[in-house]
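Okay, here's what each chain looks like letter by letter:
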Amino acid sequence: MSQDFKSTKKITIYQPQPNLSFIKLFNEIIKDLKPANELGFQLAKRDVKAAYRQSVLGVVWAFIPPIVTSLIWIFLNSSNTIKIQETPIPYPVFVLTGTLLWQILAESVGQPLKSVKSGKSILAKLNFPRESLLVHGLYSLLFNSSLRVLIIIAVLIVFQINPGWQVLGFIPLFFGLMVTGFSIGLISLPIGMMYGDIARFIPFMMQFFMYISPVIYPIPDEGVFAIFNKINPFRFLIETSRNILTGQTVDYLLQTGIVLIISFIILIIGVIIFRFIMPVIIERVGS
Amino acid sequence: MSEVLIKVDNVSKKFCRDLKKSLWYGVKDMSSALLSNRNNELKLRDGEFWAVRNVSFELKRGECLGLIGHNGAGKSTLLKMINGLIRPDEGTITMVGKIGALIELGAGFNPILTGRENIYNNGMVLGFSRKEIDEKYDDIVNFSEIGEFIDSPVQNYSSGMKVRLGFAVAAQLETDILIIDEVLAVGDLGFRIKCLNRISQLIKKTAIIFVSHSMPQIARISTHGILLSSGKIDYIGDNVPELVNKYYQKFESGVNESSIDEDFDYNSISINGNIVEVGDNIQMNYRDNFVFEANLYSKLNKEVLVSLRVVFFDIEQKACAESSVEDITVYPGKENRLRLEIGNLLLANNNYSLNFEIFEQLENVRGKVYRFEKNYINLNIRGINATWAPVKF
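In order, the protein sequences belong to chains A and B. Under this note's numbering, think of the first position of the first sequence as 7, with each following residue one higher. Under this note's numbering, think of the first position of the second sequence as -6, with each following residue one higher.
Mixed in with the good hints, there may be bad ones.
What the hints assert, rightly or not - Think about it this way: if two alpha-carbon atoms lie no more than 27 Å apart in a straight line, the pair counts; the simulated DSS-like pairs of lysine-lysine are: (1) Lys123(A) <-> Lys187(B); (2) Lys16(A) <-> Lys21(B); (3) Lys292(B) <-> Lys367(B); (4) Lys225(B) <-> Lys187(B); (5) Lys91(B) <-> Lys198(B); (6) Lys55(A) <-> Lys129(B); (7) Lys187(B) <-> Lys197(B); (8) Lys126(A) <-> Lys367(B); (9) Lys0(B) <-> Lys37(A); (10) Lys0(B) <-> Lys15(A); (11) Lys124(B) <-> Lys37(A); (12) Lys126(A) <-> Lys30(A); (13) Lys126(A) <-> Lys187(B); (14) Lys16(A) <-> Lys197(B); (15) Lys16(A) <-> Lys327(B); (16) Lys13(B) <-> Lys120(A); (17) Lys311(B) <-> Lys187(B); (18) Lys311(B) <-> Lys36(B); (19) Lys129(B) <-> Lys37(A); (20) Lys91(B) <-> Lys16(A); (21) Lys36(B) <-> Lys13(B); (22) Lys14(B) <-> Lys126(A); (23) Lys129(B) <-> Lys120(A); (24) Lys124(B) <-> Lys51(A); (25) Lys30(A) <-> Lys187(B); (26) Lys124(B) <-> Lys55(A); (27) Lys37(A) <-> Lys91(B); (28) Lys40(A) <-> Lys51(A).
Said to hold, decoys possible - Output of the computed footprint for chain A on chain B, the stretches with three or more beta carbons under 8 Å from beta carbons of chain A: (29) 78 to 89; (30) 106 to 118; (31) 326 to 338.
No lab work stands behind these hints, which were simulated from the structure alone. Backbone N, C-alpha and C define an ideal beta-carbon position, used for all residues, glycine too.
Using the sequences provided together with the hints, build the complete structure.
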């Protein structure tokens, strides 16, 4: 085909659905990475700017929901409405860090679908690197999650908890929380773009997992909860993160590491599938 | 010899009207592509139809393909495939060089942000890097004629201003291939002319595919044309007047089609004067002598009074000049000569097409039409450039 064209220029060929080739797609993605990153950053900046420009309280809105949620639980616990077992750190610190970390994770799960849907109208009209919408999601997450980490730091200072140098171990976990959530959102994205059910299901599912993970209360040592939490990947991330941040001993470093590695692999596969499947999605939900 | 930049080879695409089914087929297509490494099935499934069927064409640098057709004829689907948004179900599209699309003006705008900020948003969605936009920034602002509003939020802009800003960014695209869909239908007249001029500039260096419902625009910038109808090519070629005419005919349902009545036999119809025949077209110069002659034999049993009228249409298929000879007596049972002479044809440099009709002349009204020929011949006039109007006294 290409010898028809006497040119050294870039040749683009569009054909019927080719076979799935991870290596070829991976190379394409690497080639598009720079423009995708630049565009994704620009779009994220645009949305953050726009969100805060039309708001009086601005960035404060990022703090209000987790603090209010935590206050509710602190109140429920201290008023003996519910009885939460003894926590190794002051309960307000436990619940605040738990809620904030969980929100990082939960937002990450919903983010891919949110970002790609927000770009749906241009997806169906212009050919730009599709990954930029995922990059947009990652930068948006990074921004919101950083704000949450700032609150955690504030909480630690208020309660005079000094985790020492091990706090640096939180840096990979911080990205790990986002990557884990993001990769889950990403593999559900192809179906989620077609059917609205996924977008409704995700918050519901995450709420369910929150109540069975050690977010608001510690996990009992025995019973169904304990058994389930031996394999609950979210538990390892939340618990390890909180223990590192509050200067406690970390029990499940290996499991946490495995979760992070698996998440990262899923992320890479998810990005490749995303690129491969995008034309089918646009065809069905176009414009 | 300029190079072929776009080659569309026998391309087809299926679509499904029913949303629920369409989504379900989508899920099936995705899973079969991911799991079984098998291509899509080519036969139509329940509820599907061919939105584009067996379309092939080639386009070289410097050519502009006008793509027309009614709503739902498959234009947008074809464009989406060429733009790489969706894959064809059959066939191959090959393109050389950088591809740009002028499809939605102002894509990526956020209404709350200022014009200045949105230039970057829009530009980067179109594929410019931040550095390129920095360099072109002043040109964009000048072209858009937005003035001081550039630092106001875009939501305060009038719709015309938004479009102007969007086009100003897109006009900076300097690609080998440019896809333009219907974007020039908006804005005021002055701005539309500005856009068309910009496109005319680009045309020399670019292969353009241009979709529009505005036939004057198509006629003005296209060098080639495709008329799509139910996904298939109805007309393809470089005779743009004929393309436009075919498009109009689709609306006219027979009223205005060529017709010959059997009362007369035509022995010859000729156009004489200072003409040169070039293929199916004829060529002549400004102020040349134009003679139209028809020799016909009347099978009627009485004399009739007829009129012969010749109408010139410009390339936009608007009638721009006519001449007629009235009260010609056609005698029964013998050969009659109908002759119309225009001593000096005052039409400026352009392509025209010619209609003629012979009809019965009744008292101040038009009687029976003996012969009506639409687009009988194409006429290429040379010698003097048109400025405002085609007729130059």
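Okay, the hints, checked on the actual structure:
1. Lys123(A) <-> Lys187(B): Outside the cut-off at roughly 35 Å; violated.
2. Lys16(A) <-> Lys21(B): violated, 33 Å
3. Lys292(B) <-> Lys367(B): This hinted pair holds, its Cα atoms lying about 24 Å apart.
4. Lys225(B) <-> Lys187(B): violated, 33 Å
5. Lys91(B) <-> Lys198(B): holds, 12 Å
6. Lys55(A) <-> Lys129(B): OK: Lys55(A) and Lys129(B) at ~23 Å, within 27 Å.
7. Lys187(B) <-> Lys197(B): This hinted pair holds, its Cα atoms lying about 17 Å apart.
8. Lys126(A) <-> Lys367(B): violated, 46 Å
9. Lys0(B) <-> Lys37(A): holds, 25 Å
10. Lys0(B) <-> Lys15(A): Holds - the C-alpha atoms of Lys15(A) and Lys0(B) are around 15 Å apart, at most 27 Å.
11. Lys124(B) <-> Lys37(A): Answer holds: Lys124(B) to Lys37(A) is near 19 Å, not above 27 Å.
12. Lys126(A) <-> Lys30(A): The hint holds at about 25 Å.
13. Lys126(A) <-> Lys187(B): Given that 27 Å is the threshold and the Cα spacing comes to 30 Å, the pair is violated.
14. Lys16(A) <-> Lys197(B): holds, 20 Å
15. Lys16(A) <-> Lys327(B): With a Cα-Cα distance of about 69 Å, the restraint between Lys16(A) and Lys327(B) is violated, given a limit of 27 Å.
16. Lys13(B) <-> Lys120(A): The hint holds at about 22 Å.
17. Lys311(B) <-> Lys187(B): OK: Lys311(B) and Lys187(B) at ~22 Å, within 27 Å.
18. Lys311(B) <-> Lys36(B): Distance ~44 Å between Lys311(B) and Lys36(B) Cα, so the pair is violated.
19. Lys129(B) <-> Lys37(A): holds, 25 Å
20. Lys91(B) <-> Lys16(A): Satisfied, since the Cα-Cα distance of roughly 7 Å is no more than 27 Å.
21. Lys36(B) <-> Lys13(B): It holds: about 19 Å lies between the C-alpha atoms, which stays within 27 Å.
22. Lys14(B) <-> Lys126(A): With a Cα-Cα distance of about 20 Å, the restraint between Lys14(B) and Lys126(A) holds, given a limit of 27 Å.
23. Lys129(B) <-> Lys120(A): Not OK: Lys129(B) and Lys120(A) at ~32 Å, beyond 27 Å, violated.
24. Lys124(B) <-> Lys51(A): Since the Cα atoms of Lys124(B) and Lys51(A) sit roughly 17 Å apart, the hinted pair holds (cutoff 27 Å).
25. Lys30(A) <-> Lys187(B): violated, 43 Å
26. Lys124(B) <-> Lys55(A): Answer holds: Lys124(B) to Lys55(A) is near 21 Å, not above 27 Å.
27. Lys37(A) <-> Lys91(B): holds, 15 Å
28. Lys40(A) <-> Lys51(A): Roughly 17 Å separates the two Cα atoms, so the pair holds.
29. 78 to 89: holds (count 12)
30. 106 to 118: Answer holds; 6 residues pass the 8 Å Cβ test.
31. 326 to 338: The restraint on the stretch 326 to 338 of chain B is violated, since only 0 of its residues have a Cβ under 8 Å from chain A and three are required.
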